[in-house]
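K.L.:
Please build the complex by placing chains A, D and H on the supplied structure of chain P, with the hints as guidance.
Residue numbers (our numbering), protein chains in the order written: chain P, 2 to 329; chain A, 324 to 682; chain D, 353 to 713; chain H, 12 to 530.
No lab work stands behind these hints: they were computed from the structure. Don't be surprised by glycine CBs; every beta carbon is placed ideally from N, CA and C. Be aware that a few hints might be false.
To be verified - With a cut-off of at most 20 angstroms between alpha-carbon atoms, the simulated EDC-like pairs for lysine to aspartate or glutamate come out as follows: (1) Lys149/H to Glu186/P; (2) Lys116/H to Glu186/P; (3) Lys91/P to Glu65/H.
What the hints assert, rightly or not - Per the computed footprint, the stretches of chain A lying under chain P, defined by three or more beta-carbons under 8 angstroms from a beta-carbon of chain P, are: (4) 355–369; (5) 521–527; (6) 535–545.
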Amino acid sequence: MIHFIAGVVSSSNYWFIVLRSTAPILLVTLGAVITAQAGIMNMALEGSMLWAALVGVIVSAATGSVWLGLLAGIAASVMVALVLGFFALKLDANAVLSGVALNLVATGGTVFVLFALTGDKGISSSLPSKVLPTLTIPLIKDIPWIGKVVSGQNIIVYIAAISVVAIDFILRRFTVGRRIKATGENLDAAKAAGIDPIKIKFFTLVISGILAGFAGCFLSMGYTSNFTSGIAAGRGYVANAAQVVAGGTAVGSIFAALLFGLTDAMATYLQNIGMMPELIQALPYAVTILGFVVVTWVRDRRENERKRKLFASAATKSATKKEKLHGV
Amino acid sequence: MKILKVMGLLLLSAVLLFPAVAQTPQKANVFLLISGSLGDKGFNDSARASLELIKQKYGANVTVKYTELGTDVAKFAPSLEDAGAEGYDVVFCSNNFNSAVQEVAPRYPKTLYVMYDGWINGDIGNVYSIQYKNSEAGYLAGALAGLMTKYTTDPRINPSNVIGFVGGRDITGINDFFVGYIAGAQKMNSSIKIIYNYVNSFTDTAKAKDQALVQYKSYNADIVYHAAGRAGLGVFDAAVETGKYAIGVDTDQASLFGNEPKKADLILTSTMKRVDLTLFQAFEKYMSGQKLGGQKVYVGAAEGVIAYAPFNKAVPASIKTELEKLQGDIKAGKVTIPSAFTMTADEINKLRDSVNAAK
Amino acid sequence: MSNIKKFFVDRESLAPALVTLFAAIFSLLAGVVLIFIVSKDPVQSTKNFLLAPFLRSYNLYYLLIVMVPITFTGLALCVVYQLRYMSLIVDASLYTGAVVATAIGTLVSLPAGIHPAVAMIASGIVGGLIGLLPAILKIRWRANELVSSLMLNYVFYFLGSFVILYYLRDRSQTILSSMPFKQTFLLPRLIPNTQLHAGFLIAAGFVVLVSIFLYRTRWGYEIRITGANPRFAMYAGIPVTSVILYAHFISGFLGGVGGAVEMSGLYRSFIWQMDPSYAWDGVIVAMLARRNPKFVPLSAAFFAYLRVGADFMSRRGDVAFEFITLLQGMIILILASDKIVNYFKERQLRKQILKNQGGVR
Amino acid sequence: MHTLIRTEKLSKIYPNGTFANKSIEFTVLEGEIHGLVGENGAGKSTLMKMLYGEEQPSAGQILIDEKPVSLASEFDAIKAGIGMVHQHFMLVPSLTAAENLVLGKEPKHPKSRTFDFETAARVTEELSKQYNLPVIAKARVADLSVSMRQKLEILKALYRGARILILDEPTAVLTPQETEELFVELKALRNHGKTIIFISHKLKEIFQLCDRVTVMRDGRMIATHKVAEIDIHQISNEMVGREVRFEVAHPPFAPGAKALEVRDLAFVDDFGIAKLKKVSFALRQNEILGVVGVDGNGQTELVEIITGAQRALAGTVRANGAEITNRSPGYIRHHGIAHIAEDRMTVGTALPASIEQNILADRYWDRKFSSATGFLKSREMSAYADTLVKEFDIRCKSAKQPVASLSGGNMQKVVVAREFTASASILIISQPTRGVDIGAIEYIHSKIMEMRGAAKAILLVSSDLQEVMALSDSLIVMHEGEIVAYFPSAASVTDKELGLYMLGIKRQSDDEIRKVLHE
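This is chain P alone, in the form it adopts within the complex (with noise of 0.2 angstroms):
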């Protein structure tokens, strides 16, 4: 089993099954990252998704251009992060159950206008709608076992990989990145620098909705080459979880996408030796949150520590940090 399990994971097979599936995992979590990070849970998400899958198979079958379908996939995306934060910021509704809300919108919604346009209910395959290519790179592709990797994946996935860089300078070299933790972190604070919370939020939405609108149209042309009904399975639902593994961070981001991702191709793996397919199919679920519980129970765990710690400094009055920050 050991050793199965390592022949997997040296694989450079696996890994790029890894990096497909964990790709709008990742979208999304980032998503989920940046909204928690401005104080709004984004629970749309799930729903964000199956819109923009929907919308974008429609959109590239009528047009014939598969960067229409995305465009329209990702403001379709955005239209429903839209109304969460008109609903949650602007109206005061307890953001949590409209994102819930918004989900079953989507996934009746959904089929309802799938059923309408088509007359099928389960799966877009009657229209003939376009795939988003995959990309070879040049160089990189020639390099032994990376190459099979990193080279050969969905663009998607390789804008997975920017979006982490690009979250990554929102939050940590713009501006606007320290506003959104004002705003989550004290909100009044940020009001009383004169900072618009709700703008902020509205605006990490927006982000989340653009990042679920890749994810979205990822699974409905390119991880497959159809909608189908419920086709984010949950994916939204985790990206929330994962959030919480992420620390906040976009880099964490990865790690956190990486844990579902990582599990769940190897459940692909461990069916092939015959472990039961269902208990298998558990387990990229228990192990987000397996993470979910270990991080925050560290975190716990860390905020105590330096507690502990201050005190004896303060208790033997040493204080020489205390002098120092007071003295200069």
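P.N.:
Frame of chain P, contents of chains A, D and H only:
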């Protein structure tokens, strides 16, 4: 459309007014209930196609109607009830309705319930149930795959003797395909190894694609056969992505990808399970006055229900001939094919293990 | 008469009831508008949608049957909503409860009457234990209960179908189906030739039990106080942690029993091909009931009415029944945004005070 | 001098019905330090929130430079040249001082348009030097001392070009040295031409610092004076509204046995500040032990630990001989401790619940109210609630109405009704009359004295010095998480003397302090 409805209503009232007259019915209403959804380019679409055949033959003498019910089994019985109460003469439904049919059919003895892809539990006078010899379909696919994987002059075929299988669920109906597939492949290629996965769903195309990708890429499978309903369409996506072959199931799936030649070119053939034909034939019999209620039939290649779809041009003539001969033999009952229905769980496990390419 | 009035009119104020009514009416109107957009014969479709239970008697029975599981999940969610928790784990409780009941219904031999009762208790306990998990994760590790319950729902769905598939499956069936339940396990049908089963009465009984529990016992009292203000509850000496735990156990218990009742009442073997996800329906039932169990039958009936109408209409016409999921989402959105109503309430209050104070000084 | 800010008939009513500001006519001149005094709940903070755009006036208007302005948000206020230093600092702990300073108006790299941290840090240091307000630009705010955070807040306002600085009780969190330092800095700012509004309820500070002072009471503006022209008594009269506030009949003091004993209690808050450092004292029956101190010197934490809302890092608490350290509030209540929480809105009551539920929340389990099988006796419950409503004069339509619908005073009476009938031997009373009308204050005070007469041991914590002095038999003074003085007889000490201890200027010897343990 409206005229049709009015006519349907007229017909309906005619049927309701003169039930006794219709010894050999001249007119009939048919209702097809679909579990899951259409668009699978297979099983369910095939069932819907039967309605077309019926319309073609009987024209204005029949009204046909279908509805997609999804996976919520709670609504199956009320839907059947509805069909019965509205006086439909013939109701088509799949084996997923088994318990609902048991519940409802006795209440509407005038309606004939045609249940396909499984036998009804118990004996009910107005239920006609049809079981298919899935294992024969599997056997056909296995034979093709077993031969093709040796045909290494084709650049898409690698030297390893590994083929793949993606099943919907680890259940008897699917394992029947699989058992036949193994037997057929072994018959044609004694050193065959098979890599297999179950999607655990008949709808999750993405998962099926993931699994097929693993089979193609990590285990060097040249050909993957699927029996996973709508989810199985993901296998074709994987075939396109890796440039390898796949075998379709239930209908001539290659012909359904007219707008996607890349996909169609990689589907070597499909093992057809003519749900459309069996339902049509059942209806013909009904119209000719035969009593079908209470019967359970087991149909396969002999009845022309299970057969190869036209072969892809990638299949060399020599293989084609050999397979056509095989198909004839099966039709004539000259080949013994194991069936999952007669095997214990252990036997199935052992069989799968013995050919598992991952072990 | 005054008692009846007292039953329906919320003590605190009428506003929430009005919002609820508004949401219900709005959803029906939105439904009709949608029908007119997509249907070729909108009048007939609308008629089928709105009048289904009155057009055909079996639709009425179907409505009552549909009410059973969503009454259970609605009650279960009422209990957690009283705590202002958002856990959706009742989905896993119900599914796993059905699996446990299937095991007992197929493998164990017991006398009639006792057999389903034992199954319900066992399913309830298993469901209750599952219900505890998100609460424990929240209390111990501050993990958001909605997210963790959604993840756990997947885990338990896969575990449950694993058990069905490998231990309880009827191998002679082509499809996924458990072995048939033993006769002793089945609940009686209330009306011959219909599927309306005794589980309906059990659900009704649980409505009464949960109402009494929440509003007439000290444990329910603790739950309500804790929900109203957990810091206050802690301060007043209420063992908040254990309150949260037993409330979640009870919620899961209700889910588990609901699963068992569905199995022994409606079905003859376990034939769920997928998770029926009754918890999502429970969300809206509990919200429409304003987390008060005594209103659950009413809101479950409303929801079942929507669903039966949508099914009937979609079979008869050209509108997909999925549109009720759409309506469901809209109802939640409206109910979640009752801040709009609060806003008007506050504005009125402010005006009143200004008026009372006159010109000030 | 030029009138910088003027308000006309400015009124504010909160959604819950609180009438916080009534037709305020408030004027600030350019270049002055203007004091704003009043007791808790007098409406100072509300007035300032309106000036800073955080709250919108219900009526009236604000004029700056004699021009009407609409301050719809903080952003508008900043644009109008107003800066505010809140009592609770508006800082983002995980960001650095420099990042906090420029938040909302960040410098960017000219080319990449990314955040320019180096410039931010440089600007911070320059401003810091210019106004002589030292901060460490590159340190995270979480690591800064309280006074440095305050300076950062002032710099933040200045960075945004504030002409007018509002400081909301800035000295509440400072040590005396820090306070003095701050005053020097503020005067320097005035000399730079800035206008400062200084909010406080400490009159001494007003006289040290301000040019003019405005007094508020009960949401109204009472008067504005030049500080040089009035004396402290006049202001204090205006603040209180009558000559003598408290005259409580004090029966002779005859302390009984030790009821509550606290030893070596230590606690560190989330920011790593040691809020309690080895606090020890004992409380006896028949005794009202007052706890005196400037807000934020550990009183809140002390009460929270005794009543089980917080866990102590070290130390023990014993009630009637039983150890209750770090036990659950329920356990502690069972051991004879009742508690009037300082914050009745978030802790002391459950606002959406009914008066009845609030009154019975600590005793619903009693056999009087619920049967052995767990069923509630609703008739007994409502009868009981009705009697308490009557006995404690809670003004309401019915005991079934939610507490949220009551006025502050009546809300507090609900708390008092519950806690004083809890059959506890020890009462922990925090801020019993904060934000409560005069009538209710007198009533609550008389009830407290009644409790003392009933042989209870009472720990009284209040930031209202007069209240503590009038009610208490003996006093302890807390400063920076420590007990710095113990007075066995409250009558023998003056408020001036207490002030020296409260501000940390004086400290008793350890031996004297230890007497509070009565060993």
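K.L.:
None of the hints should be skipped; say for each whether it holds.
P.N.:
Cross-check of the supplied hints:
In summary, the hint linking Lys149/H to Glu186/P is supported, as the alpha carbons are separated by about 19 angstroms, within the 20 angstroms threshold. A hinted pair counts as satisfied when its Cα atoms are at most 20 angstroms apart, and Lys116/H with Glu186/P qualifies at roughly 18 angstroms. Between the alpha carbons of Lys91/P and Glu65/H the distance comes to roughly 17 angstroms, so the proposed pair stays at or under 20 angstroms and holds. Chain P is given as covering the region 355–369 of chain A, and this holds because 6 residues of the stretch bring a CB closer than 8 angstroms to a CB of that chain, at least three being needed.
Counting residues of the region 521–527 of chain A whose CB falls under 8 angstroms from any CB of chain P gives 4; the rule of at least 3 is met. Given a C-beta distance limit of less than 8 angstroms, the hint that chain P covers the region 535–545 of chain A holds, as 5 residues qualify and 3 suffice.
No hint from the list above goes unmet by this structure.
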